[in-house]
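There are 4 protein chains.
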Amino acid sequence: MKKKSRFLQTPIEPFAVEAGLSADELLVRMEKISFQGRNLATAHRIWQKMLQDDVTIFLGMAGALSAGGLRMVVAHLILNRYVDCLVSTGANLYHDLHETRGQHHYVGSAHADDAALAEDRIDRVYDTYASEEEFIGNDNWIASFAATLEKRAYTSREFLYRLGGHLWKTTKQEGILTAAYRANVPIFCPAIADSSIGMGLSQARQQKPGAGHIDIIGDIVESANLIIRRPRTASVVLGGGTPKNFINQASVQAEFYSDAVGGHRYALQIVTDVPHFGGASGSSLEEAQSWGKLATDSARVSVQADATIALPILATALAKSAKPFLSKRKKPVFDLAARPMTIDGAAVPSDRFEEVNESAV
Amino acid sequence: MKKKSRFLQTPIEPFAVEAGLSADELLVRMEKISFQGRNLATAHRIWQKMLQDDVTIFLGMAGALSAGGLRMVVAHLILNRYVDCLVSTGANLYHDLHETRGQHHYVGSAHADDAALAEDRIDRVYDTYASEEEFIGNDNWIASFAATLEKRAYTSREFLYRLGGHLWKTTKQEGILTAAYRANVPIFCPAIADSSIGMGLSQARQQKPGAGHIDIIGDIVESANLIIRRPRTASVVLGGGTPKNFINQASVQAEFYSDAVGGHRYALQIVTDVPHFGGASGSSLEEAQSWGKLATDSARVSVQADATIALPILATALAKSAKPFLSKRKKPVFDLAARPMTIDGAAVPSDRFEEVNESAV
Amino acid sequence: MKKKSRFLQTPIEPFAVEAGLSADELLVRMEKISFQGRNLATAHRIWQKMLQDDVTIFLGMAGALSAGGLRMVVAHLILNRYVDCLVSTGANLYHDLHETRGQHHYVGSAHADDAALAEDRIDRVYDTYASEEEFIGNDNWIASFAATLEKRAYTSREFLYRLGGHLWKTTKQEGILTAAYRANVPIFCPAIADSSIGMGLSQARQQKPGAGHIDIIGDIVESANLIIRRPRTASVVLGGGTPKNFINQASVQAEFYSDAVGGHRYALQIVTDVPHFGGASGSSLEEAQSWGKLATDSARVSVQADATIALPILATALAKSAKPFLSKRKKPVFDLAARPMTIDGAAVPSDRFEEVNESAV
Amino acid sequence: MKKKSRFLQTPIEPFAVEAGLSADELLVRMEKISFQGRNLATAHRIWQKMLQDDVTIFLGMAGALSAGGLRMVVAHLILNRYVDCLVSTGANLYHDLHETRGQHHYVGSAHADDAALAEDRIDRVYDTYASEEEFIGNDNWIASFAATLEKRAYTSREFLYRLGGHLWKTTKQEGILTAAYRANVPIFCPAIADSSIGMGLSQARQQKPGAGHIDIIGDIVESANLIIRRPRTASVVLGGGTPKNFINQASVQAEFYSDAVGGHRYALQIVTDVPHFGGASGSSLEEAQSWGKLATDSARVSVQADATIALPILATALAKSAKPFLSKRKKPVFDLAARPMTIDGAAVPSDRFEEVNESAV
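Chains as they are written, first to last, in my numbering: chain A, 1 to 361; chain U, 1 to 361; chain Z, 1 to 361; chain B, 1 to 361.
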């Protein structure tokens with residue numbers, strides 16, 4: 001009998017429907033099918049591996065995930081330390097703050113009459129609505145808080161830690177910002193100026209001259225120092241955008257100053273963008289290797305799916321499958337109130353890179 | 001206090017992670033979030049409604065779903081009569097036959113060396129492999145079977161019923177073709193010539209002159225007559241392509257001859273294509289209303305997702321949530337061995353439309 | 001000085017804007033940029049190469065290109081023999097016939113009120129409208145013509161040749177069908193049952209029992225025999241769908257019977273679909289090599305773009321750049337009125353493959 | 001005779017191929033076809049209208065356009081004042097600087113061996129390569145320049161003006177940064193920290209403590225003040241990302257302080273992202289109306305195309321068609337060296353919004 005080709009090793013096992021399967025059981029069956037179903041199952045497997053390894057896990061978050069109903073999933077990932085550091089767009093943090101302050105986004109229609117919405121001062125995000133008036137209220141709230149801060153430059157990380165603290169004290173409500181505050185998980189927001197949080201900060205200057213200074217270059221230094229201090233890292237990216245690049249850039253920047261850094265050991269992205277137009281959001285994890293953003297032997301998977309489908313399944317599955325790994329995790333310990341912040345007791349300054357390599361000294 | 005806008009009625013309820021949630025519980029929580037997560041949950045709700053109403057449910061199936069591990073999901077939908085009539089591409093039926101005959105598709109890589117695969121005679125479908133030699137074996141098997149048939153034209157529906165029967169008798173294995181045979185569910189394959197089933201049929205002519213005649217125009221007549229006989233219909237479409245259009249066309253064609261036909265009452269599509277390039281695969285369900293393909297008051301939803309993610313979840317959820325509806329369903333009863341085939345005892349000829357309207361007489 | 005990497009050979013040359021550049025000049029400048037701009041320029045270059053080589057050029061056409069204003073581009077490509085054989089969806093041929101018969105599609109809006117359109121019996125294709133009443137007129141016209149034909153099975157190729165002839169005699173108007181008739185270029189329509197041409201054919205049975213028989217399995221035989229007779233081929237695909245696969249399948253089928261066939265020597269596709277969901281429309285040209293659809297040393301390019309942008313530029317550019325190659329082309333000569341049809345004087349039967357290989361005898 | 005429906009007014013005019021058509025002639029013919037071809041032609045028409053009206057034209061630029069060969073198109077648009085203000089990602093400015101400094105990006109392959117590239121220290125952007133070593137040289141060059149600046153916070157706009165000036169003085173080469181410097185066109189880079197320009201700035205701190213402070217909140221104030229000073233605006237967006245949102249946000253922010261601001265009067269976007277996943281990059285221009293980002297009676301068009309195809313055509317067409325409008329344009333006059341910068345002689349501070357509305361005082 002003829003030998004099988006070396007390429008034909010693992011048969012596809014058709015997905016078998018069974019009433020009552022849980023999310024983790026679904027994903028186990030999806031590992032042996034094809035296309036994005038298999039990739040989602042692989043993402044589940046890789047995230048489990050991250051949790052068992054000694055790595056700092058970055059979570060990047062772009063797209064309207066908070067407005068779209070995923071903020072408590074992200075809060076859950078932070079509180080239970082599935083991730084160690086969040087990099088987010090400003091909008092996701094703003095929409096989180098909006099709900100933490102007791103307000104809502106609303107179920108709407110993608111086929112709305114936008115002129116009618118404009119007249120009612122309703123802002124539309126695809127099939128989701130929010131009140132412009134409430135948004136203006138948030139802006140003022142942020143501005144007022146920013147005006148209370150000592151007049152100096154804050155990295156977005158430090159500002160967001162303080163904002164989360166203020167939000168927690170004021171509301172005692174769960175959310176992304178409050179979860180990160182309570183769990184001592186740093187949040188970076190490199191494009192904070194491109195969001196309503198930035199708008200709130202800018203309005204602080206109307207209340208108090210010189211308020212609202214964010215040192216986003218200091219964010220680069222801090223994020224790279226985090227990796228210099230703890231060189232083994234993993235990257236989980238939802239939706240591309242500035243968070244995806246910032247997480248990669250932190251690794252590349254850290255490598256200038258420490259040879260121990262060698263790109264993320266694990267990478268998982270859930271994206272809807274595609275590689276063939278050249279944009280960073282859709283860029284492949286293979287391409288990321290050429291830059292040294294990923295270790296060439298990294299475990300990695302790219303899932304082409306809307307996060308509003310993929311993330312609820314993935315997080316629910318992990319809640320069961322990853323439970324044993326969470327308690328044993330060697331997770332970094334941050335002190336975010338310290339100046340400079342610390343990781344595992346070591347300082348993470350924002351004013352200068354910690355140089356480890358001789359060549360760089 | 002100011003009144004809320006009429007647009008702000010139903011708050012988004014952030015998805016709450018909980019270990020052990022089953023597929024149907026996941027979808028219930030996803031109904032109150034946004035974007036494609038909400039749409040998938042709505043698809044679940046709409047399919048439940050279909051099953052409670054007195055409608056003939058068409059399932060359209062394009063894309064490499066059988067090779068990709070979804071054939072037993074489709075077989076399950078057929079055997080349990082979540083659907084009443086399948087319209088498929090030839091490839092999906094061929095890859096189903098391939099596995100029902102005891103062969104496999106294999107887990108492969110999307111980053112394969114295709115020249116190496118070609119040398120080993122391995123055919124690649126994105127991240128999935130199959131043996132060309134085994135495919136040639138299937139072609140011969142189909143050709144030999146076709147050569148045994150009485151020399152006349154068969155609609156694809158009749159041919160596939162006979163092929164399913166032969167496959168069942170030979171293998172006693174589950175699959176799409178055998179499930180449809182056993183459950184008396186008709187399968188149409190309007191583009192059968194554009195597939196390896198067509199290739200097998202064409203090779204039958206080498207064995208027996210005049211073999212392999214498929215009357216695909218008769219398929220149009222049969223499918224429209226089905227709807228003329230039972231005018232209330234629903235459409236579930238996976239992936240666009242010829243099945244999507246054929247299901248809609250059957251309704252439009254039926255309406256020429258019966259005013260009782262008024263477009264599908266329910267429509268659900270899981271697609272990855274988009275509307276803005278004008279192709280039928282990605283066309284919106286709103287556009288379908290202009291053609292009369294859908295009733296203007298139809299319940300409908302379009303889910304932008306890969307079927308390898310969306311269908312396992314949806315089918316698993318329905319296996320629990322829709323169970324009570326299945327036994328009570330007023331489903332059409334087919335006799336597919338009869339010539340002409342019958343639906344609920346009434347003839348469904350392929351040689352002429354049943355004219356109901358006076359105007360059309 | 002350090003040597004450059006072997007990877008850094010050809011610098012990107014930024015596109016330089018200059019008033020009055022013609023389409024071909026645009027494409028020459030786009031060869032040295034990146035992403036899909038470069039790919040479009042490469043498509044221009046590859047099509048020129050095809051025209052200089054001794055290959056039969058297949059053109060596949062899916063998506064609403066005729067309704068969308070590209071039918072005269074395709075007619076131009078046929079009349080001037082940029083291509084030798086068309087494989088099309090039925091809709092493109094139907095919408096072509098619609099206009100050739102003196103009717104129009106209309107500029108519409110993608111944000112239309114589809115219920116209002118339905119009331120006015122206007123059919124919408126994204127941003128384009130047509131009159132349902134005129135469409136019904138076409139269906140009748142096709143039915144009446146089909147009813148005049150001798151009662152026997154016709155390959156879609158033969159039927160479309162006759163339909164084109166009738167259309168030309170009736171209207172003397174340019175279009176795809178009439179161009180193909182006049183230029184003796186065969187048209188295959190493997191999914192003709194999934195279109196309004198099929199609907200017209202089905203209605204012919206109401207007028208004349210037994211009318212409207214299309215032998216689409218015969219199309220497989222004819223198309224493969226074309227390649228067996230003339231094994232060097234090239235493929236130009238617009239939009240995926242059944243035409244893309246049918247052109248590839250013809251080559252694979254032909255190879256069963258002739259070792260001289262070795263996959264297309266050139267392949268160019270303009271698609272909007274993507275590979276990562278596993279569907280054939282978006283499948284890569286690399287994957288096609290594994291199947292033997294493409295020669296492993298073929299010149300090939302995939303352009304990710306809407307054909308309504310890419311094709312006008314490409315065809316306009318070729319009108320200048322390819323002119324010298326057209327007159328010298330070694331193009332196949334068809335006799336489509338003969339039974340069987342002939343290519344370069346050799347018979348191309350639809351009832352049996354021409355076996356060349358000893359092994360296949 | 002029956003009257004035509006009100007929906008059927010303007011027939012589609014099939015595109016007629018003609019050798020030697022120039023870009024503007026192509027677009028004129030594409031206005032009467034469908035889908036993205038028509039949209040690209042409409043973009044041409046809308047840009048012409050912008051140039052004839054008294055509006056400040058913002059250009060947003062995301063995606064790897066500079067690396068991909070479009071930087072001289074953007075420089076041309078700036079120098080000839082097709083646009084008045086650029087909002088860009090940092091990468092586009094960095095890759096522009098890379099080439100202005102006499103270095104290159106290179107034609108590469110999307111199917112590269114990334115491990116081999118990593119070994120050669122070649123960075124890949126889809127099908128385009130660059131030398132990591134040269135990139136490190138740029139970072140140092142930026143760091144050294146930043147270290148020469150007076151120690152204070154600079155808006156990204158002011159920093160980029162100074163960087164462009166230094167680059168011009170050093171190289172005398174054309175490019176985006178140098179064109180903007182010479183044409184006195186402001187550039188904002190709200191996510192400058194998420195780019196290699198940011199990395200260069202961060203490294204300046206290694207050379208000179210306290211260097212590299214960017215006041216991106218000041219950018220919000222400056223950009224809104226620009227619109228408060230000159231409320232009629234237009235938006236041209238390439239590829240979404242932070243630039244798209246920042247341009248819209250500036251209008252929304254300005255409206256808080258001046259009722260004369262009412263959203264952009266014209267909006268044109270060339271995007272590849274889609275609306276249905278809820279992200280801002282793919283969001284529709286209709287949705288933008290609900291937010292007041294666009295005037296509800298604005299002229300607007302969204303083109304779904306890769307900018308490497310769409311922009312060369314569009315810019316080349318405008319070079320001929322828009323020439324008469326350019327000289328007569330009522331374009332804003334900036335003094336970017338002034339502190340604060342001025343527009344038409346009026347101050348544009350970064351430390352406080354200019355309040356025009358009484359209500360806001």
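Warning: the hint list may mix true and false statements.
One copy or two, it doesn't matter: identical chains are merged, so the pair holds either way.
Keeping only pairs whose Cα atoms sit at most 30 Å apart, straight-line, the calculated DSSO-like set for lysine-lysine is [as the list claims (entries may be wrong)]:
# : residue 1 : residue 2
1 : K151      : K320
2 : K4        : K172
3 : K32       : K169
4 : K208      : K49
Source of the hints: derived by calculation from the structure; they are not laboratory data.
Hints that the structure is at odds with (numbers, increasing) = 1, 4
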